[in-house]
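Visitor: Take a look at the letters that make up each chain.
2 protein chains.
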Amino acid sequence: MESYSHITPYLRSVEQLMESRLEAEDKMVYGLLVPFLRRGGKRIRPVLSLLSCGAVGGQYEAAIEPAAIIEMFHNFTLIHDDIEDDSQFRRGEPALQMAYGVPMALNSGDALYTLLWRELTKLKLRPAKLVALQTMYADAFKRVVDGQGVELSWIRGGRFDVSEDEYLAMIGGKTAALMGLSCEAGAFIGGAGKRAGKALRQYGESLGAAFQIQDDVLNVTGSFEKYQKEIGGDISEGKRTLMVVHCLSKAGEAERKRLMGVLSSHSRKQEDINDVIGLLQKHGSVEYARKRAASLVGKAKRSIARFPDNKDKTALLAIADYVIKRDR
Amino acid sequence: MESYSHITPYLRSVEQLMESRLEAEDKMVYGLLVPFLRRGGKRIRPVLSLLSCGAVGGQYEAAIEPAAIIEMFHNFTLIHDDIEDDSQFRRGEPALQMAYGVPMALNSGDALYTLLWRELTKLKLRPAKLVALQTMYADAFKRVVDGQGVELSWIRGGRFDVSEDEYLAMIGGKTAALMGLSCEAGAFIGGAGKRAGKALRQYGESLGAAFQIQDDVLNVTGSFEKYQKEIGGDISEGKRTLMVVHCLSKAGEAERKRLMGVLSSHSRKQEDINDVIGLLQKHGSVEYARKRAASLVGKAKRSIARFPDNKDKTALLAIADYVIKRDR
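Residue numbers (my numbering), protein chains in the order written: chain A, 1 to 328; chain B, 1 to 328.
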């Protein structure tokens with residue numbers, strides 16, 4: 001994106017750092033991670049860390065390693081989530097367990113998670129500051145894993161009485177916590193005071209929630225070429241998205257039954273998926289989700305409205321707009 | 001065991017601490033972990049931590065939380081290993097993924113791992129000392145996960161040219177590293193100097209290697225009632241144990257083919273498993289493994305021979321003998 005081209009060299013450093021760490025390890029265990037990380041992705045979390053660091057007057061360099069650790073965590077969750085959700089594709093290529101089997105994929109996720117914790121014990125910071133940063137990471141990581149667990153337990157428990165608030169709390173962990181951490185950690189490393197750190201975390205969390213809702217929307221309205229995941233995959237996986245929650249509250253009994261039936265069956269039939277998408281469209285659930293995401297983007301932007309104007313703040317505001325305009 | 005009855009109250013505190021930590025969390029995500037941890041197990045790792053702390057003159061109380069963290073890590077690895085190895089039973093009951101499905105079991109392992117790292121950032125120690133302890137944990141955890149990854153990659157890669165040294169290096173990570181950490185961390189918390197800490201780590205690592213070899217032996221010679229895992233499970237899982245490595249080096253071409261055929265097929269047929277066990281017996285591979293384990297136990301005991309005599313040292317020596325005498 002244009003808006004943050006000024007941090008491109010630092011973003012490259014984040015990627016190079018991740019690669020060099022992995023390439024230094026045993027190929028038998030870490031070999032499949034290097035090409036996985038090279039698949040790319042939006043790198044939105046390290047971008048947020050770098051910009052947040054800059055927005056509070058810090059040096060981008062200082063945020064490179066903390067940002068790399070967060071991006072490694074994100075990739076760890078993708079690997080395990082794809083196993084849990086039985087997802088077929090990731091970034092346009094087979095999910096890791098499709099390519100290497102569940103055992104190796106699962107273990108490589110554990111290896112990545114372990115490696116990033118080791119990095120977190122070795123960052124060159126004063127010990128007291130390092131421990132404060134670690135606690136920030138541990139708390140956010142826990143919210144991410146717990147959020148994923150809540151979503152899985154809804155699916156396994158056959159729960160369809162999920163409320164909008166429960167959905168928002170779940171994505172508040174699964175997706176928003178890590179974007180909040182990306183901003184908060186960048187600000188912390190950049191020397192921000194408590195108030196600025198909290199404002200950036202709130203920006204990141206609202207942005208993250210909007211991001212997830214938009215992701216759910218793209219999952220039913222996108223094209224594989226751009227989105228690079230299977231369209232309707234969330235439906236096959238039985239996900240209780242905001243659109244599903246909304247639709248269940250609007251649809252009549254027969255339609256509710258059809259919707260719950262397809263979600264429970266984990267069907268991959270195009271006919272079933274199209275039926276569900278049709279119901280979500282018919283009841284205005286897609287539109288509702290888009291509006292909810294837009295409102296969260298507004299909230300994100302207001303969180304940092306009082307920050308002094310500079311190119312980092314400008315970029316953060318542009319990213320907020322991008323999150324709901326994106327088609328990939 | 002008689003030899004460490006003096007630390008029983010502290011061992012109960014370790015168990016209570018683990019339970020109370022888990023019970024404070026969301027039942028949807030952590031609910032299945034409490035009964036899993038209550039299944040028990042030998043608790044050998046916390047025992048080693050408590051005794052090592054005592055052996056260097058420390059207070060047992062100080063080692064309770066560090067010991068609980070290690071036992072939590074151990075349980076995390078069991079959960080993920082059982083998924084990776086497609087194991088059916090754990091401690092006499094269905095493996096977690098057999099009871100709750102792969103997604104919930106996998107996520108609960110991640111939740112446990114995340115929770116213990118959060119504990120590790122919040123231990124009440126001076127920050128510099130805490131970071132030193134964390135690095136010790138991170139390095140050992142990495143060896144465990146890497147060891148498991150190496151074993152998986154042998155199986156996936158169809159490798160049968162594993163040497164005894166490669167096998168020993170693999171279990172040096174998979175099993176020995178965590179027992180070494182249990183001792184080293186206990187000693188560190190107990191205020192040991194570098195030399196005593198290193199000696200206890202070496203004791204723990206030799207003990208751990210002996211423990212793994214004995215575990216492999218019990219897997220083919222034990223009874224389900226005592227061992228509480230499926231007998232011959234390692235054969236179905238295609239594990240390259242020391243016995244298999246030895247047998248492949250002794251058997252003729254037809255027997256080698258039969259052995260490799262069964263291991264590659266992941267057969268659960270009793271006939272296939274009995275054939276392999278027969279070959280291991282015939283070529284003296286079980287006896288060879290027992291001797292190797294006994295020699296490692298001798299090495300473990302020598303590592304702490306110069307420690308001053310006290311009941312903690314006596315217990316550590318008795319545990320070393322127990323490791324190869326146990327039938328469960």
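The set of hints was computed from the structure by calculation and includes no laboratory data. You may find that some hints are simply not true.
[To be verified] Under the rule of at most 25 Å between Cα atoms (straight-line distance), these lysine to aspartate or glutamate pairs were calculated in the DMTMM-like manner:
(1) K27(A) / D165(B)
(2) K194(A) / E119(B)
(3) K142(B) / E19(A)
(4) K124(B) / E119(A)
(5) K124(A) / D215(B)
(6) K198(B) / E119(A)
(7) K122(A) / D139(B)
(8) K27(A) / D161(B)
(9) K142(B) / D139(A)
(10) K142(A) / E15(B)
(11) K142(B) / D26(A)
(12) K142(A) / D139(B)
(13) K122(A) / E119(B)
(14) K142(A) / E19(B)
(15) K142(A) / E25(B)
(16) K142(B) / E25(A)
(17) K27(B) / E166(A)
(18) K27(B) / D86(A)
(19) K142(A) / E23(B)
(20) K142(A) / D26(B)
(21) K122(B) / E15(B)
(22) K129(A) / D139(B)
(23) K142(A) / E119(B)
(24) K27(B) / D139(A)
(25) K142(B) / E23(A)
(26) K124(A) / D26(B)
(27) K27(B) / D85(A)
(28) K129(A) / E166(B)
(29) K27(A) / D85(B)
(30) K198(A) / D85(B)
(31) K27(B) / E25(A)
(32) K129(B) / E119(A)
(33) K27(A) / E166(B)
[What the hints assert, rightly or not] Estimated spans, in silico, between C-beta atoms of each pair:
(34) K198(B) / F224(A): 35 to 45 Å
(35) G278(A) / R38(B): 31 to 41 Å
(36) H266(A) / K198(B): 45 to 55 Å
Using N, Cα and C, we set each Cβ at its ideal position, and we do this for glycine too.
Visitor: Look at each hint and say if it fits the structure.
Guide: Hint check:
1. K27(A) / D165(B): Since the Cα atoms of K27(A) and D165(B) sit roughly 18 Å apart, the hinted pair holds (cutoff 25 Å).
2. K194(A) / E119(B): Between K194(A) and E119(B) the Cα gap is close to 23 Å, so the pair holds against 25 Å.
3. K142(B) / E19(A): holds, 18 Å
4. K124(B) / E119(A): With a Cα-Cα distance of about 21 Å, the restraint between K124(B) and E119(A) holds, given a limit of 25 Å.
5. K124(A) / D215(B): Violated, because 41 Å separates the two Cα atoms, which is more than 25 Å.
6. K198(B) / E119(A): holds, 23 Å
7. K122(A) / D139(B): holds, 11 Å
8. K27(A) / D161(B): holds, 18 Å
9. K142(B) / D139(A): holds, 21 Å
10. K142(A) / E15(B): holds, 22 Å
11. K142(B) / D26(A): holds, 11 Å
12. K142(A) / D139(B): holds, 21 Å
13. K122(A) / E119(B): With a Cα-Cα distance of about 17 Å, the restraint between K122(A) and E119(B) holds, given a limit of 25 Å.
14. K142(A) / E19(B): holds, 18 Å
15. K142(A) / E25(B): holds, 11 Å
16. K142(B) / E25(A): It holds: about 11 Å lies between the C-alpha atoms, which stays within 25 Å.
17. K27(B) / E166(A): holds, 15 Å
18. K27(B) / D86(A): The given pair, whose Cα atoms are some 24 Å apart, holds under the 25 Å limit.
19. K142(A) / E23(B): Given pair K142(A), E23(B) holds - Cα atoms ~15 Å apart, limit 25 Å.
20. K142(A) / D26(B): The given pair, whose Cα atoms are some 11 Å apart, holds under the 25 Å limit.
21. K122(B) / E15(B): holds, 19 Å
22. K129(A) / D139(B): holds, 21 Å
23. K142(A) / E119(B): holds, 11 Å
24. K27(B) / D139(A): holds, 18 Å
25. K142(B) / E23(A): Roughly 15 Å separates the two Cα atoms, so the pair holds.
26. K124(A) / D26(B): Distance ~34 Å between K124(A) and D26(B) Cα, so the pair is violated.
27. K27(B) / D85(A): Judged against 25 Å, a Cα distance of about 21 Å means the pair holds.
28. K129(A) / E166(B): Violated. K129(A) to E166(B) sits at ~41 Å, over the 25 Å cutoff.
29. K27(A) / D85(B): Given pair K27(A), D85(B) holds - Cα atoms ~21 Å apart, limit 25 Å.
30. K198(A) / D85(B): Violated, at roughly 44 Å.
31. K27(B) / E25(A): It is violated: about 37 Å lies between the C-alpha atoms, which goes past 25 Å.
32. K129(B) / E119(A): Holds, because 17 Å separates the two Cα atoms, which is no more than 25 Å.
33. K27(A) / E166(B): holds, 15 Å
34. K198(B) / F224(A): 35 to 45 Å: violated, 56 Å
35. G278(A) / R38(B): 31 to 41 Å: violated, 48 Å
36. H266(A) / K198(B): 45 to 55 Å: The hinted range 45 to 55 Å holds for H266(A) and K198(B), with Cβ atoms some 53 Å apart.
Violated hints for the displayed structure, listed by number in ascending order: 5, 26, 28, 30, 31, 34, 35.
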